[in-house]
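Student: Those protein sequences? They're chains V, E and A, same order as listed.
Letter by letter, the first sequence follows residues 1 to 580 of this note's numbering.
Letter by letter, the second sequence follows residues 581 to 683 of this note's numbering.
Letter by letter, the third sequence follows residues 684 to 842 of this note's numbering.
Treat the hints as calculated values from the structure; they're not laboratory data.
Ideal Cβ positions, reconstructed from N, Cα and C, are used throughout, including at glycine.
A couple of the hints might just be wrong.
[Said to hold, decoys possible] Rough simulated footprint, nothing fancy, chain E against chain A, three-plus residues with beta-carbon under 8 Å: (1) 688 to 699; (2) 706 to 719; (3) 727 to 739; (4) 771 to 783; (5) 811 to 819.
[As the list claims (entries may be wrong)] Computed footprint of chain V on chain E, listed as stretches where at least three residues anywhere in the stretch have a Cβ under 8 Å from a Cβ of chain V: (6) 591 to 605; (7) 670 to 679.
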Amino acid sequence: MLELVPLIIAIPWFGAVVLWLTGDSHPRRLGWMAMIFSLASAIPAILMIFEPTAIDFVIPIGGVFGDFTFHADGLGKFLAAVATIIGALAVIFSQDYMAGQAQLARYYAFILFFIGGMAGLVLASNLLLVFFFWEITALCSYALISFNNDDPKAVAGGMKALVMTQLGGIGLLVGALLLYSQTGSYDIQTFIHTPGVLSPQLLSLMAYVFLIAAAAKSAQFPFQTWLPDAMEAPSPISALIHAATMVNAGVYLLARFYPAFAAVPGWRLAVMLVGAISAVLAALMALAANDLKRVLAYSTVSQLGYMFYAVGAGGVFASQFHLMSHAVFKALLFLAAGAVIHVAGTRDMRQMGGFGKQMPLVRTVFVLGALSLAGIPIMNGFWSKELVLEAGLHSGALWLYALMVFTAGLTALYTCRCVWMVFYGEPHQERHLHDAPSYMRWALIPLAAGTLLTTLMAGPFSRMLERTLPDHGIHAETTFHWLMEVVSAPATLIALAAVAIGIAAWGWRGRFGGLARGLRWVMHLADNSFGFETINHQVVAQVNRSAETLRLTQTGYLNWNVAGITFGLVVVLVLLAVGG
Amino acid sequence: MTVSVAVASVCAVFGLVGIGFYGLMMSRNLIKAVVALQIAVKGVLVAMVLAGKLNSQLAVAQSMALTVLVADTIVAVLGLALAVQIRRHFGSLDTTEISTLRK
Amino acid sequence: MLELIVIAAMIFCAVMAIRAQRLLTSAIYLAGCSALVALFLYQLGAPEIAVIELSVGAGLVTILFVFAINIAGDDPAQHPPILPKPMAWVLVLMAVVTAATILLPNYDTILPLVSEPLDDTLWEKRTLDVILQSVFIFAGVLGVLNLLGETTYDQEKHS
Numbered sequence: 001m002l003e004l005v006p007l008i009i010a011i012p013w014f015g016a017v018v019l020w021l022t023g024d025s026h027p028r029r030l031g032w033m034a035m036i037f038s039l040a041s042a043i044p045a046i047l048m049i050f051e052p053t054a055i056d057f058v059i060p061i062g063g064v065f066g067d068f069t070f071h072a073d074g075l076g077k078f079l080a081a082v083a084t085i086i087g088a089l090a091v092i093f094s095q096d097y098m099a100g101q102a103q104l105a106r107y108y109a110f111i112l113f114f115i116g117g118m119a120g121l122v123l124a125s126n127l128l129l130v131f132f133f134w135e136i137t138a139l140c141s142y143a144l145i146s147f148n149n150d151d152p153k154a155v156a157g158g159m160k161a162l163v164m165t166q167l168g169g170i171g172l173l174v175g176a177l178l179l180y181s182q183t184g185s186y187d188i189q190t191f192i193h194t195p196g197v198l199s200p201q202l203l204s205l206m207a208y209v210f211l212i213a214a215a216a217k218s219a220q221f222p223f224q225t226w227l228p229d230a231m232e233a234p235s236p237i238s239a240l241i242h243a244a245t246m247v248n249a250g251v252y253l254l255a256r257f258y259p260a261f262a263a264v265p266g267w268r269l270a271v272m273l274v275g276a277i278s279a280v281l282a283a284l285m286a287l288a289a290n291d292l293k294r295v296l297a298y299s300t301v302s303q304l305g306y307m308f309y310a311v312g313a314g315g316v317f318a319s320q321f322h323l324m325s326h327a328v329f330k331a332l333l334f335l336a337a338g339a340v341i342h343v344a345g346t347r348d349m350r351q352m353g354g355f356g357k358q359m360p361l362v363r364t365v366f367v368l369g370a371l372s373l374a375g376i377p378i379m380n381g382f383w384s385k386e387l388v389l390e391a392g393l394h395s396g397a398l399w400l401y402a403l404m405v406f407t408a409g410l411t412a413l414y415t416c417r418c419v420w421m422v423f424y425g426e427p428h429q430e431r432h433l434h435d436a437p438s439y440m441r442w443a444l445i446p447l448a449a450g451t452l453l454t455t456l457m458a459g460p461f462s463r464m465l466e467r468t469l470p471d472h473g474i475h476a477e478t479t480f481h482w483l484m485e486v487v488s489a490p491a492t493l494i495a496l497a498a499v500a501i502g503i504a505a506w507g508w509r510g511r512f513g514g515l516a517r518g519l520r521w522v523m524h525l526a527d528n529s530f531g532f533e534t535i536n537h538q539v540v541a542q543v544n545r546s547a548e549t550l551r552l553t554q555t556g557y558l559n560w561n562v563a564g565i566t567f568g569l570v571v572v573l574v575l576l577a578v579g580g
Numbered sequence: 581m582t583v584s585v586a587v588a589s590v591c592a593v594f595g596l597v598g599i600g601f602y603g604l605m606m607s608r609n610l611i612k613a614v615v616a617l618q619i620a621v622k623g624v625l626v627a628m629v630l631a632g633k634l635n636s637q638l639a640v641a642q643s644m645a646l647t648v649l650v651a652d653t654i655v656a657v658l659g660l661a662l663a664v665q666i667r668r669h670f671g672s673l674d675t676t677e678i679s680t681l682r683k
Numbered sequence: 684m685l686e687l688i689v690i691a692a693m694i695f696c697a698v699m700a701i702r703a704q705r706l707l708t709s710a711i712y713l714a715g716c717s718a719l720v721a722l723f724l725y726q727l728g729a730p731e732i733a734v735i736e737l738s739v740g741a742g743l744v745t746i747l748f749v750f751a752i753n754i755a756g757d758d759p760a761q762h763p764p765i766l767p768k769p770m771a772w773v774l775v776l777m778a779v780v781t782a783a784t785i786l787l788p789n790y791d792t793i794l795p796l797v798s799e800p801l802d803d804t805l806w807e808k809r810t811l812d813v814i815l816q817s818v819f820i821f822a823g824v825l826g827v828l829n830l831l832g833e834t835t836y837d838q839e840k841h842s
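The following block holds chain V by itself, in its conformation from the complex (with noise of 0.2 Å):
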């Protein structure tokens, strides 16, 4: 049989040298070249979705390395499937968005190791393998972000995504390390399996460091300011971060490994009280942004942290299906968005206005990924929305469930505020604008259709999930049950009832003039992101400050750096003749 692990892996990274190589003479063929290899791409991962059971692969190394495993259980599977078609899709979006744009060999390369690199990093099984994909995705962030490298903004938002991604490497290495260290295999499946065979206090370690790393992936409280600076990539590139291949991660993490942490002490609530504040404060700035995509870039943050929560609440079913939705619906936004861009020329949302009309398609699509986001039912986005907030009522504190209603009803209430400004309200701009082009409409009309039938998905999915990860606690249940589960429980009314609200306050917002006014300041908060912009402007200030003093100790001088030398080898043999 063929092995399909390796080639999902493969084809992308084979089709980014290929297009390495090829350069920038011939801009179409790129592009076509492009869409061959990730379209290539997804089908072996659609084609291991129907494989029912879990499957391995190992390249044989040995050695400190351990040997290097893959195994592909529901959750990599659906996963790398996830990162292999909306990769696809946002590929061939670019043909038109990034048409006419130098330098396309590297963009389409670096999209195809980004997307090659993701699949990776969740169907791999050996821990530091898992980190090794985990810089890959970290470096290709980077170096899409920054794509447009003569713009210093964007430079400086490739720049602190890397740093803020970093921190959460340096979590992910000091887990396996201390993994390998206890047990001398950096073995993922075992570890879950058995978690008794570190020591509580090892374990517990472990947990907050993985915490740490996924929630700097994920662009969690109190990492999240680099997510909304990586807005100066190109929109498909958003799309790709955003619903495919990056933030993903971070959530695959806690999802991967909630078996073995779920007994650690005050791990669950952490989780969710990160998810929960990241959702809450990233709304809260959504609705203050002015710039479409960073509204957009601010739901993300908010709808991970949603995913975060049901992780956290033990509702790792309702998670994944949460990031499912997410996935096809914030793609859409993002690509819609970037068709919207495309043409205005601006990312200001108070230049917009009026668009609907000669943008009907685009208009359509956005809308209905806005009713996903906002949570109105029988989009997919509602159901899985529902089914995060019902595990978070099971388990879960009930003060936080109301933060998250809460945040529902902020969701719907920005997600009106940005469709209103783009493309109904007063237009700001007297220009003739063209509706999206062929090749955006095939990548925008199969997510549309996306935020419409995924949700048919829940049975079969589940099924997957329980049939192949054992430890998660997870229960298979048809497509009719879940549906059934959602419609019959109380805790949808309350939901809904804060959509309701949400979308009833930016209906009647001139009627409650007077309360905006006293929510101002928080609205002003929103806007400085709550003091955490100064904070990571005051860290890096003091890291230059003090590399500057630290600078003075390098002299450049030969004899200096031997007297250094000397000196450390004095101390180590005092040390010696002490301590031996």
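Let chain V serve as the given structure and place chains E and A on it in line with the hints.
Tutor: The following block gives chains E and A in isolation, referenced to the frame of chain V:
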């Protein structure tokens, strides 16, 4: 007074390595630094053979010393090539003058 | 007793190599030191490595030194060292004294007499060393080429 050959050899090792390090700390001339490095490595060479002798594994020690010797020779060659290049580019072999780290 | 004389001469050569004002003198003393180290290694019972040290350390490297000094020029001007002299002394002495206090008490033994064929060990047990050496030698060839290649370049520039 009698001194065993082993103790004398250890003293030779310390002497050579110490002189080498002293030279590295004191000399400002690049070629002189390579000379000092050579002296220090000669001490290491003696130490390796001595260790092999003490542990009755002289052949292993010799083969390792051979590697050290080869590496040391290559370091000398590369160091000298570098020194010649630096002399050409900077017009000086003085390590303080060729440092660009200081503003 | 012969060993002690060789050691004393070796240390003397090393000191003179560091103290010499001219680079050429320094290189000659280094050659002498190398030769004495080779002799001492022979006395320790390691003739193979002694021969290589004599030919490579005292021969080849000295030639390269003279060659390089010839190209780069012998600059007899004395620059004051940037490190205070006592500091260097203290550091070196501290290192030597601490190491000696750890090691010397264990070394007051008569050296055992052993002989083991080197070639078997080298080719069969230490294959990695041989591979490494060939890599090193390759790097060395590049270094020599660099030394030589630039000479012609230099001559072209000046002619």
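Student: Take the hints in turn and mark each one as holding or not.
Tutor: Outcome of the hint check:
{"no.": "1", "hint": "688 to 699", "result": "holds (count 5)"}
{"no.": "2", "hint": "706 to 719", "result": "holds (count 6)"}
{"no.": "3", "hint": "727 to 739", "result": "holds (count 8)"}
{"no.": "4", "hint": "771 to 783", "result": "holds (count 9)"}
{"no.": "5", "hint": "811 to 819", "result": "holds (count 4)"}
{"no.": "6", "hint": "591 to 605", "result": "holds (count 3)"}
{"no.": "7", "hint": "670 to 679", "result": "holds (count 3)"}
Comparing the model with each earlier hint shows no violations; every hint is respected.
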